[in-house]
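K.L.:
The primary structure of each chain is shown beneath.
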Amino acid sequence: MVDRDRFGLGWRPKLALGILSNLDRIDIVEVIADDFFRAPRRERRALRTLAAQTPITLHGVSLGLASSVAVETKRLEQMARLCGEVEPVSWSEHLAFVRGGGIEIGHLAAPPRSSATIDGAVANLRRARAIVGVAPQIENVATLIDPPGSDRDEATWVSEIIRHSESDLLLDLHNLHANALNFNFDPVDFISRIPPERISAIHLAGGKWIGRKGAQRLLDDHLHDVPDPVYELLEEVGARAPQALTVIIERDGNFPPIEWLIDELERARRAVARGRQRAAQKAIAA
Amino acid sequence: MSDSHLESFLARIYVDETTRAKFLADPRSEALKAGLTAEQVEDIVKIDRDGLELLAASLKSKKQGRR
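Read top to bottom, the protein sequences are chains C and P.
Residue 195 in our numbering sits at position 17 of the first sequence, and the numbers go up by one each step.
Residue 30 in our numbering sits at position 25 of the second sequence, and the numbers go up by one each step.
Bear in mind the hints are in silico, worked out from the structure with no lab data behind them.
Glycine included, each C-beta is placed from N, C-alpha and C at the ideal position.
Treat the hints with caution; some may be incorrect.
What the hints assert, rightly or not - A short, non-exhaustive set of chain C residues, derived as facing chain P with CB atoms under 8 Å:
1. SER246
2. ARG277
3. ILE281
4. HIS285
5. ALA287
6. PRO289
7. PRO290
8. LEU322
9. ASP324
10. PRO326
Produce the entire structure from the sequences given, and follow the hints as far as they go.
P.N.:
Printed below as a string of structure tokens:
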């Protein structure tokens, strides 16, 4: 049953003042963990101070969990140390590979959707759980390329990893929206194929179209407003997920005034509430 | 090993312009040279070329933006 949905923003230095001035309207703050792995002591202390004022969730961007290659122990230990210091309510990482053969991609790349990467991800998640002490939430990624070497669709691949691990899904609805438009599938069908009780967090963001005519793709750039269809997907999740959700808006640049982001958060609250209401009405009708 | 070979090969063609150009000029022979399995070679010759170009351009601009 729903305890209490939480709505928050991704922590970025340029948003710091706005976030700190509006903690009464922001339930949770998501912090990029990697920014603090080698941060000076005073910055880590500032993060602990923030964590004392508001619930924090840590978000990793460089583990590369969805790979047939084992994640390096030292990377997991860095995450474990930070989690130990900050005591976040949760931590998360992406279902992506970020390096291969000694090359850093510099991006969250979608791996081949195969049994090898499912097995690799499940093994990496087991190690992450053992070293950090808590299983991460795992996030679906946006991709501009249909990953070569894939033998199943994204919903099947994500569901299999969830079913074989202890990790819940951090469902990035703009990533889903972008992939659905770029590769022509129905995002609501995707949501219906994920066990709803395993969706525990949501990311919202915006993007832009890139590419030449006839070969355009929607890029998830976190530089634009959350588009309407993403709120509609959020309502769908609100109608299906039985447990409390943590909803985070990610904005990495082209920052609007903080009030604008707070309005987006309010819109997200209303979308989840509509979904919850639909679920309640359906339960009464049944 | 073969699955990690595929990930390494993808990382190279996503990031390195020269490797990518060679691959796009002759995908089969470059994939064979990289030690991919016969099945992986068949998959990768059908690569989504538009997606590859857009991804590479996006990575390049991200890298430049970071400097």
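K.L.:
Are the hints correct? Go through all of them and say.
P.N.:
Status of each hint after checking the structure:
1. SER246: holds, 4 Å
2. ARG277: holds, 6 Å
3. ILE281: holds, 4 Å
4. HIS285: At about 5 Å, which falls below the 8 Å cut-off, the nearest Cβ of chain P leaves the hint on HIS285/C intact, so it holds.
5. ALA287: holds, 6 Å
6. PRO289: holds, 7 Å
7. PRO290: Constraint on PRO290/C satisfied, holds at 6 Å.
8. LEU322: Interface hint status for LEU322/C: holds (4 Å vs cutoff 8 Å).
9. ASP324: Since chain P brings a Cβ to about 4 Å from ASP324/C, closer than 8 Å, the hint holds.
10. PRO326: holds, 5 Å
Against the hints set out earlier in the document, no violation occurs for any number.
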